[in-house]
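Undergrad: The primary structure of each chain is shown beneath.
2 protein chains.
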Amino acid sequence: MPEYRAPLDEMNFVVDQLHDLSALAHAIDNEDASVELLDAVLSESDKLANQVWSPLNATGDQQGVKLTDDGVKSADGFAEAYRQYAEGGWNSLYFDPQYGGQGLPFTLSMPVSEMAQAANMALGLCPMLTAGAIEAIHAHGSDELKGIYLEKMISGAWTGTMNLTEPHAGTDLAVLKTTATPVDDHYLIKGQKIFITWGDHDMTDNIVHLVLARMPDAPAGVKGISLFLVPKYLVNADGTLGARNDAYAINVEHKMGIHASPTCVMSYGDNGGAVGYLIGQPNQGLVAMFTMMNNERLVVGLQGVALSDRAYQHALEYARERVQCVAPGQRERSAIIHHPDVRRMLMTMRSLTEASRAVCYLTATQIDLSQMASDMEQRALARQRVGLLTPIAKGWCTEIAQEVTSHGVQIHGGMGFIEETGAAQHQRDARILPIYEGTTGIQALDLVGRKTLSDNGAAMARLIADMRADIVRHGDQVSSPQLAMLSDGVDGLEQAYEKLLAESGDDPMLPGAISYDMLMLAGYVCGGWQMLRSAALVSSVDNSTFVANKKATVAYYLEHMLPRFKANLESLLAGSASVMAISADML
Amino acid sequence: MPEYRAPLDEMNFVVDQLHDLSALAHAIDNEDASVELLDAVLSESDKLANQVWSPLNATGDQQGVKLTDDGVKSADGFAEAYRQYAEGGWNSLYFDPQYGGQGLPFTLSMPVSEMAQAANMALGLCPMLTAGAIEAIHAHGSDELKGIYLEKMISGAWTGTMNLTEPHAGTDLAVLKTTATPVDDHYLIKGQKIFITWGDHDMTDNIVHLVLARMPDAPAGVKGISLFLVPKYLVNADGTLGARNDAYAINVEHKMGIHASPTCVMSYGDNGGAVGYLIGQPNQGLVAMFTMMNNERLVVGLQGVALSDRAYQHALEYARERVQCVAPGQRERSAIIHHPDVRRMLMTMRSLTEASRAVCYLTATQIDLSQMASDMEQRALARQRVGLLTPIAKGWCTEIAQEVTSHGVQIHGGMGFIEETGAAQHQRDARILPIYEGTTGIQALDLVGRKTLSDNGAAMARLIADMRADIVRHGDQVSSPQLAMLSDGVDGLEQAYEKLLAESGDDPMLPGAISYDMLMLAGYVCGGWQMLRSAALVSSVDNSTFVANKKATVAYYLEHMLPRFKANLESLLAGSASVMAISADML
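Chains as they are written, first to last, in the working numbering: chain S, 1 to 587; chain C, 1 to 587.
No lab work stands behind these hints: they were computed from the structure. Each residue gets a CB set at the ideal place from its N, CA and C atoms; glycine is no exception. A few of these clues could be false.
FRET-style restraints, in silico, Cβ to Cβ [claimed, not checked]: (1) C:D69 to S:F546: 53 to 59 Å; (2) S:N251 to C:P508: 55 to 61 Å; (3) S:T59 to C:D76: 25 to 31 Å.
Some chain C residues judged to face chain S by a derived CB distance under 7 Å, without partners named [what the hints assert, rightly or not]: (4) F195; (5) P328; (6) D341; (7) R344; (8) G413; (9) G414; (10) I418; (11) T421; (12) A424; (13) I432; (14) I435; (15) M509; (16) G512; (17) K566.
Taking the hints into account, I'd like the entire structure generated from these sequences.
TA: Quick look at the structure:
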């Protein structure tokens, strides 16, 4: 089975040329963020991903994790691979230097995260969840909590988890039941949480759980939820570890994929109560949680890019080696890569992966600008753009990963269905992506609701204007039919959101009924927009093969992938009537 | 986990009304094929599927099969479930009464097969492969072989297998290496075959392997392949079982799905040679094999329908029970079935399942006409239609099953990724469908090559004419925009095949590059055609809920699913250039 190799030229192009790293560095006044640093980061990170993390991907899948009396045992080699990641400084790239972080833009962490997730997504989930916990503590925790926990978490010495879901409360956090009772300087947490990724493991000395719970007499619903920090081991004043806290993994789930990532049922307070510390204000837990969730959602989209790329590399290698039948234009039995239908699948995988990568990295750049641009107006505009792009990056890129990883299996033919080949694992692992951190349906509702209806389409209108400006600016980089397809797509997106704004008042079912089509339409069009920009900006790259391949991939995307927007647009324009025509009882 | 219930009203409608059972019975002069018989068959078959086969679906997946020194052990309960199936006469429905079959039309076996595959696809594969072997022996075997084997196979006392693939020869049968050396009245078979479904098991006394192999001095390539019957146990003159033949399962594969179906590596002749008997003429093995493969391909399409329906039922039940958030139009927290985006997924599953069922059953009806119509011209036309519809039924319906079973997981949210829920099994099981019995790529090449280019579009032109006649005949049954969408789809199909005919001569890459889009376009349009006919023909059904639901489902399909043809059409019209633009070496 081939090991993953990071697409360094492509990553370099997307960060440096397509999304203009030097302009970003200038805007946020951080001249460390140079292309030289980018090159060094990329090549070093690739080594760890390729040599250490990737070889454990299949073995981790086969072995899985085990719940023992001593807690969860991770798969063989994972603890060491994690240690090397932490010691290499890869966990700390974009965090606050005050707590040992390297203070780099979030954008520079994107290729590093992509490599980690592509090399071994089950393991990559551990630092990904830790990053979310770090962000929440950094943004909302007291100085005391920050002082105790952040440095250890940023260095990777301790990991973090996010505890939202309860058996009866998935999307619907309003009905959480876990309680937090004040005692002295802390709270006692009691309740059960499910789907807790890396909720327990043996890779680090301590684990820092962030837990949503209700205080006594808290208001009902989402306005009564607070966020608590619950360490696996209490921390003494001198920083050493103290008593074991009353927080235990009591089960690990048997899942379709990411077998080596322990998905735990966590029980808090079975023996009296788990010691927890309030993060932020009482009853403001959701605000604190959503601070980190936007970045997490983008990184889940990035996991889609990562698995798509790994599946592409895997299928490409097989297509080069597997000889079957005589392809058109060949004289002898040929590798299946010469068969046009296999080439179609490879180009589909390649072009969707590149388009979704461009969209995710763009979102990261906008996150940096939204948080660090010197110009406050630029910050505000970037914040608006991040809001709009995040559900697209999460929703669309993870749906794309379903298709791409499935093509990866298909190219392997019968061997794709045999687990030893490894292609099936990519598809099984990818299946969680449109579900966790908010399903595609939730992303789609976010896009049509909070991100479009709530601002009366202002963010969408500005996005469309930017796309049209680029169509004018770069239109000569692609053929006229390709440009016309993109232009039609942008018009379609406009038509779609105008329908949404015009008709949602009279048809309360409309936003939900058309939200998925709107999300996918927006995704395909955003992908096309970034592909057009890629065709233009690649010209400055000094690598003729890379340039030619990029232009060909852009052409393929605009001709063969982008037309899918028409299906979404037609479906969306048909509205909610036939979606809701059969009543729930009669289905 | 809910057990599968067969959609009896729907199956009855499709067989009796949509595809006009009485007209079929009349045309083939078999008045036994009545709606009364259909009703009896449906309700009895449903009991077995629901009560016996379905409860073993999840346990079989968890337990899998085991290779022991005594051969392959099937999962608990499978042998008894198979015995009840055979004893109930379900294996013999459409086979020759001379050998104990019931002589019913193949069409009547479709709902029975669908139920079996939906209830337990891993087990259903065993009689499905047996049926293929029966057909090949019946069509090409000597009277002696038929006398010895057919009755036992038709009763289900013995099962059958199909042995095509070797490690280096999947699609590419030309390079098979297994040999057959003549000795006395038989041949000695030596070689290894892979991917042999139910290649060994403990459910019956004997197994009849059909094996492709080369005789000495046979011509190279596909013209030197012969078909042999190789029993697990030799059969004495009096019909009793004799010596163990030199044919053994030496491995069972570890697969993504259908865990309870043993996928065997079969070794023939490790101890001198397996006794085999020639079926049909020397070097005509592929002809004999393809006799049965067309029906098998249709039944694989039907497996797609079956898993789609099971996934729909499973998701529907969960959507009724799972309460999350307040849906629009509701006052309190509501079952997720009330959320429009969930309803969208359910309607997508439902409408695609119904459309793909209509296409599969139509193909079966045409198979009956092609083999048994009294009118020879009707037979010839049906044969042409079967040729065209088979790759569509196999290719499109199995691709549809990927989407539908994935929606089934998605509706379950996080629970969908947990194996105990059972939704993931449907998706994992379905993943083999677009691969075995000829991948989607092979179906697509068959459609554009042998079924369109070879007859200069005659079959396609007749199909399109029939669709247009139905658009005129039934146009008042749907709204004008719905009808226009279907009409545009039919025009698109015409445009597509005309491009294929006009340009393939100058562009040898074109057929392969556009074949998948052509297949999917044809599938969506055929589905739309059958949905329009459904809206018209359902009016005669005496069940107002069924009528209303069918009409609403047709509307949903035409508005929300059919528009996808536009994406396929645009992609196809863009041709092969960007598909092939990056050379194989540069990818």
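Undergrad: Would you mind marking each hint as holding or not holding in the structure?
TA: Quick rundown of the hints versus the structure:
A C-beta distance of roughly 56 Å is found between D69 of chain C and F546 of chain S, which places it inside the suggested range of 53 to 59 Å. Against the hinted window of 55 to 61 Å, the Cβ-Cβ separation of N251 of chain S and P508 of chain C comes to about 58 Å, which satisfies the hint. At about 30 Å, the CB distance of T59 of chain S to D76 of chain C agrees with the hint of 25 to 31 Å. Taking 7 Å as the C-beta contact cut-off toward chain S, the hint placing F195 of chain C at the interface holds, the least distance being around 5 Å.
For P328 of chain C, the interface hint holds, the least distance from its beta-carbon to any beta-carbon of chain S being 4 Å, beneath 7 Å. A least Cβ separation of about 4 Å between D341 of chain C and chain S falls short of the 7 Å threshold, and the interface hint therefore holds. Using the Cβ-Cβ criterion of 7 Å, the hint placing R344 of chain C at the interface with chain S is satisfied: the shortest such distance is roughly 5 Å. Annotation: interface hint on G413 of chain C holds; nearest CB of chain S at approximately 5 Å, less than 7 Å.
Because the beta carbon of G414 of chain C sits about 5 Å from the nearest beta carbon in chain S, less than 7 Å, this interface hint is met. Residue-level restraint check for I418 of chain C holds (minimum Cβ-Cβ distance to chain S is 5 Å; threshold 7 Å). The criterion of a C-beta within 7 Å of any C-beta in chain S is not met by T421 of chain C, whose closest approach is roughly 10 Å, and the hint is violated. Contact between A424 of chain C and chain S, as hinted, is supported at the beta carbon level, the nearest pair being about 4 Å apart and thus within 7 Å.
Because the closest C-beta pair between I432 of chain C and chain S is about 5 Å apart, less than 7 Å, the hint holds. With a cut of 7 Å, the hint placing I435 of chain C at the interface with chain S holds, because the nearest CB-to-CB distance is about 6 Å. Of the supplied interface hints, the one on M509 of chain C holds, with its beta-carbon coming within about 5 Å of a beta-carbon of chain S, less than 7 Å. The criterion of a C-beta within 7 Å of any C-beta in chain S is met by G512 of chain C, whose closest approach is roughly 3 Å, and the hint holds.
For K566 of chain C, the shortest C-beta to C-beta distance to chain S is roughly 4 Å, which falls under 7 Å, so the interface hint holds.
When each numbered hint is compared with the structure, a violation occurs for hint 11 only.
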